[in-house]
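Enquirer: As they're listed, the protein sequences go chains A and B. Numbering of the first sequence is given in this note's numbering, commencing with residue 1 and proceeding in unit increments. Numbering of the second sequence is given in this note's numbering, commencing with residue 1 and proceeding in unit increments.
If you are wondering where the hints come from, they were derived from the structure by calculation, not from laboratory data. Values in this document were obtained by computation on a predicted structure and should not be read as measured data. Hints may be right or wrong, so weigh each one.
Cβ pair distances, simulated, as ranges [stated by the list, open to error]: (1) B:238 x A:21: 54 to 62 Å; (2) A:35 x B:306: 53 to 61 Å; (3) B:282 x A:37: 48 to 56 Å.
Ideal Cβ placement from N, Cα and C applies to all residues, glycine included.
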Amino acid sequence: MAAGIDIVPIYFTDRDETLRRLGGVLELDFRAGVRLRRPWFDPEGAFDPSRGQYRATSLLQMLLEDSQEDQAERVLGVTSVDLFAPVLTYVFGEAQLNGRAAVVSCHRLRAEAYGLPPDPALLFQRLHKEAVHELGHTYGLLHCPDVRCVMRASSYAEEIELKGERFCEACRALLAQRNVIPRALRSR
Amino acid sequence: MAVQRQETPISRDAGGVLVVDDEFSMRDSLVHWFEKDGYRTGSAQDAREALQRLEEEPWDAVLLDIKMPGMDGLELQRRIRDVDPSLPIIMITAFASVDSAVQALKEGAFDYVTKPIDPDELSHLVRRAVERHRLHQENLQLRQKVDQLATPTTIVGASGPMARVLELVRSVAETDSTVLIRGESGTGKELIAQTIHANSRRRYFPIVPVNCGSVPESLLESELFGHEKGAFTGAQYRRKGKLEMADGGTLFLDEVGTIGLPMQVNLLRVLETKEFTRVGGAKPVHVDFRVICATNQDLEAQVRDGTFREDLYFRLNVVTISLPPLRERRQDIPLLAHHLLKKYAQDMNRPFTGFDPAAMDLLVRYNWPGNVRELANAVERAMVVGRPPSVHPEDLPVRLNESSASQTGDSLADMERAHVGMILERTGGNVTRAAEILGIDRVTLYNKIKKYHLRS
Ligand SMILES: [Zn+2]
Ligand SMILES: [Zn+2]
Chain A
1 MAAGIDIVPI YFTDRDETLR RLGGVLELDF RAGVRLRRPW FDPEGAFDPS RGQYRATSLL
61 QMLLEDSQED QAERVLGVTS VDLFAPVLTY VFGEAQLNGR AAVVSCHRLR AEAYGLPPDP
121 ALLFQRLHKE AVHELGHTYG LLHCPDVRCV MRASSYAEEI ELKGERFCEA CRALLAQRNV
181 IPRALRSR
Chain B
1 MAVQRQETPI SRDAGGVLVV DDEFSMRDSL VHWFEKDGYR TGSAQDAREA LQRLEEEPWD
61 AVLLDIKMPG MDGLELQRRI RDVDPSLPII MITAFASVDS AVQALKEGAF DYVTKPIDPD
121 ELSHLVRRAV ERHRLHQENL QLRQKVDQLA TPTTIVGASG PMARVLELVR SVAETDSTVL
181 IRGESGTGKE LIAQTIHANS RRRYFPIVPV NCGSVPESLL ESELFGHEKG AFTGAQYRRK
241 GKLEMADGGT LFLDEVGTIG LPMQVNLLRV LETKEFTRVG GAKPVHVDFR VICATNQDLE
301 AQVRDGTFRE DLYFRLNVVT ISLPPLRERR QDIPLLAHHL LKKYAQDMNR PFTGFDPAAM
361 DLLVRYNWPG NVRELANAVE RAMVVGRPPS VHPEDLPVRL NESSASQTGD SLADMERAHV
421 GMILERTGGN VTRAAEILGI DRVTLYNKIK KYHLRS
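Kindly generate the complete structure, drawing on both the sequences and the hints.
Expert: Next up, the structure:
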């Protein structure tokens, strides 16, 4: 499988510019080629009418099936709708641990979700961290106790600000050990 | 004594969480959630399977769906509590069955959550449950350890300075007074705090450690005091702080000298009134805990230059226990080293039985700036690189070999003086034994003692 990350917008209604910028920074973060491409599936199957939200694991499933014949090493869904997991009220994102697919949602990353004026820069910063975080899971990383590390778990938006957008030394070492992204992040 | 292992992220052991739910999608999403948090996870789809999993492995928390076909959650909880009443159980309920959740609480459940669960709430709830279980287990082990403290062959050491420390620990444990533990890093301050707690009347309540140096100043307030729902953007749930967790027990503030001035004011107020408000809250919360703190900094100097409040300093500095650095109790090194060797050899399944004399010599001579922790690391390393059954000098870190020469003068006489002095110190002044170790007769040794003015 060729190295590379496919970004797939799913019901993405935030600014298009956001996706292009995200692609740009992920390219640097992971030293991988990033493509933007449309989904070839109907995401509506993930909708749960009783909750008014989309089931994150269903979207992962769809992304996987959708990219079966595809060359990309990782596929990252980016959406503006609200995601959930069956027992949880919401999730910011979801990823297959040691897998290929990840999905992140902007829905609860926007300042407006907390009654504050829109702040596109803040939204981008949060989205970037969550995208790197979920991709980290696909490379087998677990949540990290280092408060500055991007793999630190954050379950509310404010917590995302506290952590950095990069992997700590320990997580970097794990990435290198697994030999998944050998050239990643070293130059930064 | 305190052998704090360096935290290695590769074998991060956050604890074991068992999920019991008859619905696959619920089990599946919970298990994935906990996996990413680094927990060891397991799942069971009914009570029978759950009881089996409980028998197979130790767990730190159980999440239990209250409604299951066959034996329901309440009945299963009773069964579990019969076997292990300390294992925290979190009930998962639907809105419709909150009444039975309350029943579960009455029967000793740790807490309950309603489906769907807020991820923030879930993470913190489970972490608290696991923490509580771990503290309980540690306190159990500690109590067993404490009984051994009195005997001279313990790991803690038998030297004069250490014996005085233990005496103080014993006498201060029963009182409720604030204790300040001072000592270089690696001297085992946390173990002393735990020992005091385990010997106090508060031992059935938790000792809650807070490492003030590792929590960013901006988070320390909410970490200690907790916060109310809506205290700041994103604080969607009320969270208990460490002060509340320590209620009834002991609060251990490590690296207390790193707390910033604004936080010092708040802390002083709590210590004086035993009352505080959560961040974003108005209602005062009353707590009852004992404070033990520790530092390796010069607090007096900090008071002088204004970075540490004098009133707080006096509040904390009621009883001081000073832990001697390892180099000031070299006579304990052989005992400690043997103890550590035995422990690591067993843990790592390496057939080591002891140190060869030259290796022991290096251990006793080295200055140990990192104290017991450094010694433990050196012994652990030797278990990996050395060849059983004995540890040889080359199995020890290079710095041990380098520094022994530079500590004394360069002449042969200087070396001899230092060496003879060290052996005498090690044998507690026993000339017969010292002569034996040095391979000379007693008369020769007496002459050397006189020549070098070694004992006055
Ligand atoms: Zn995560
Ligand atoms: Zn990390």
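Enquirer: Against this structure, judge whether each hint is valid.
Expert: Status of each hint after checking the structure:
1. Look at residue 238 of chain B against residue 21 of chain A: about 37 Å separates their beta carbons, and that is not inside 54 to 62 Å.
2. For the pair residue 35 of chain A and residue 306 of chain B, the beta carbons lie near 58 Å from each other, so the given range of 53 to 61 Å is met.
3. The supplied range of 48 to 56 Å is met by residue 282 of chain B and residue 37 of chain A, whose beta-carbon atoms lie about 53 Å from each other.
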